[in-house]
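Undergrad: Residues per chain are reported as follows:
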Amino acid sequence: MCYDENVLSAYSDGELDIRLLDEITAHLEICGRCRSIAAKYRKLGELFSVEDNVRKEAFLSSEHTVWNRVQTRIRRERKGTAIPLWRRRLTVPVPVAAGVLLTVCVLCAVLIFSPETFLPDDTSALIAQQIEMDKQSVDLSTDKTLPELEKLVQFLSEQGAAIEVRIELPGSSHFEVIGEPQLIKASDYRKDAAQ
Amino acid sequence: MKIFSNDPDSFKTVYGQSFPIIVRVAYHITLDIEVAEDICQEAFIRFYNRSISFPSEDQARYWLIRVTKNLAFNYYKRRKREKNALEKYSHENTQHSTNGEEDVMRSETEKIIHNALDKLPPKLRSVLVLKEYGNLSYREIGRILHITENNVKVRVHRARIILETLLKEEEIHVL
Amino acid sequence: MRRISLLWIILFSTCILVPVVSQTVQPVEADIDEALSYLRNKVLDLEIHARIIGEDRESVWNAETREMTVSGKSVSITLEGDNLKVVALLIPFLNDDHSMFLVAKGEVWLQERPGEEKKYYSTVKSLPIQAGESVIFFPTGTLMDSDSENIYTIELEIQVEPRE
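Residue numbers (our numbering), protein chains in the order written: chain A, -2 to 192; chain B, 6 to 180; chain C, 94 to 257.
Hints are supplied without guarantee of correctness; some may be wrong.
No farther apart than 25 Å at their CA atoms in a straight line, the calculated lysine-lysine pairs in the DSS-like style are these [unchecked claim]: (1) B:Lys116 - A:Lys53; (2) B:Lys173 - A:Lys40; (3) B:Lys82 - B:Lys17; (4) B:Lys173 - A:Lys182; (5) A:Lys188 - C:Lys218; (6) B:Lys7 - C:Lys211; (7) B:Lys116 - A:Lys40; (8) A:Lys76 - B:Lys124; (9) A:Lys40 - A:Lys53; (10) B:Lys93 - B:Lys82.
Over the 10 Å line for every Cβ pair with chain C, so calculated as not near, a few chain A residues [to be verified]: (11) Phe56; (12) Ile160; (13) Tyr186.
In case anyone wonders, no lab produced these hints; they're calculated from the structure. Built from N, CA and C at the ideal position, the CB exists for glycine as well.
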């Protein structure tokens, strides 16, 4: 039984499990076709390593060059890093601090105890109530394509909830993550696909 | 062993382990050693400035390879667009221009392999460069590119088939 | 020194309190009108086509939905299959100068083989868009020529239109 080229390519990389590797090794002893395919992939690999050896010295030299450049840049960036504003020490005179504290206390008192500033917890209900009481101030009649404002307000008041759509994929399909997710314009994607 | 990207000792360890792979990845995508050095420098600076921790040296390396690959392909696409624009306006075929020293250094085989690699679609080229120059396993390549091992195997095989055809056109017979 | 400090405290407190108190007695109606008018201009329609593309680049399945939202509020599309779950969060933004952009967050839970543990991937992508322009989000990557059987790509084609 001969093996698929795909499998022989993986065999030449040593990327099969040990049992299959042994099986194929034994098979190659007797099968000329598979032996020549495996040899082809091995020779391709050798071409790459020969080509890589030519550049070995250059890459070693690059390693030192880039290291020096990276260190220089890191040192430069460290020097130039200013202390962020929020971490700077701030000296405040005691009377000013006392004044700020007094202001905050007065503000809180005003908010808690003043009747004019009382707001109900359910702000959306208040807005809906205002709409009912004073419809003339909100132009609802002219634009028929707008959703009902009460529904819009209710939708907005749902804290953090997004509109959810659930779709079931066909059961027979097996999915894989085949690459990096992408968000692209349809016109660009179709042009690339056509090329 | 956890790796902190802005810790000098961790950074040095990761640099020593990763640089040989990422410089090869960058070079064999951009085909320019100076650009490859710039890309490697950028990748390591980003690694340092991220100030994050990786659960292992392997994960740090995979991150660097991924960033390098993306930077290299961005450069490659930009250069291709510029080349196409130049050809469109000058009505001439523009050869990839290198300085004289570069040309002398590059062997014939290297030129032919690079021309062939240049013609591979980016996704096949990524896996082949990572396999042949990065010496990474299918599993490692899958983790770097967020694809399955099986997918890596298929892409490597397809890349080799196309490469063999392209090399035959240049009269380099693998068999 | 003490007199000056006291003077500063009084002046500072007055400067803070007067605008706060005056603001709290303003009628609520003006705010509502303004809020509703603002909201009216921020309503967006999303048209979403979900497709599965087979290895021969043909659509083997599709579904579509239209949703209404407002600028900055997300629409979540959950796609569930036998070995995979994708949650795509789409958030359109409509700026005051009528330019728009779309943020797409993709989360994928994948079980490659039965019995294996699930892998998790996530990404966030953004893109400036025009009204009515189609953009495609590939939460699991774009279609690749592949020898393997049964490899499918999931596409979400999205169009965003302001509701005038």
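Undergrad: Could you check the structure against the hints above and give me the numbers of any it violates, in ascending order?
TA: 3, 4, 8, 12 and 13
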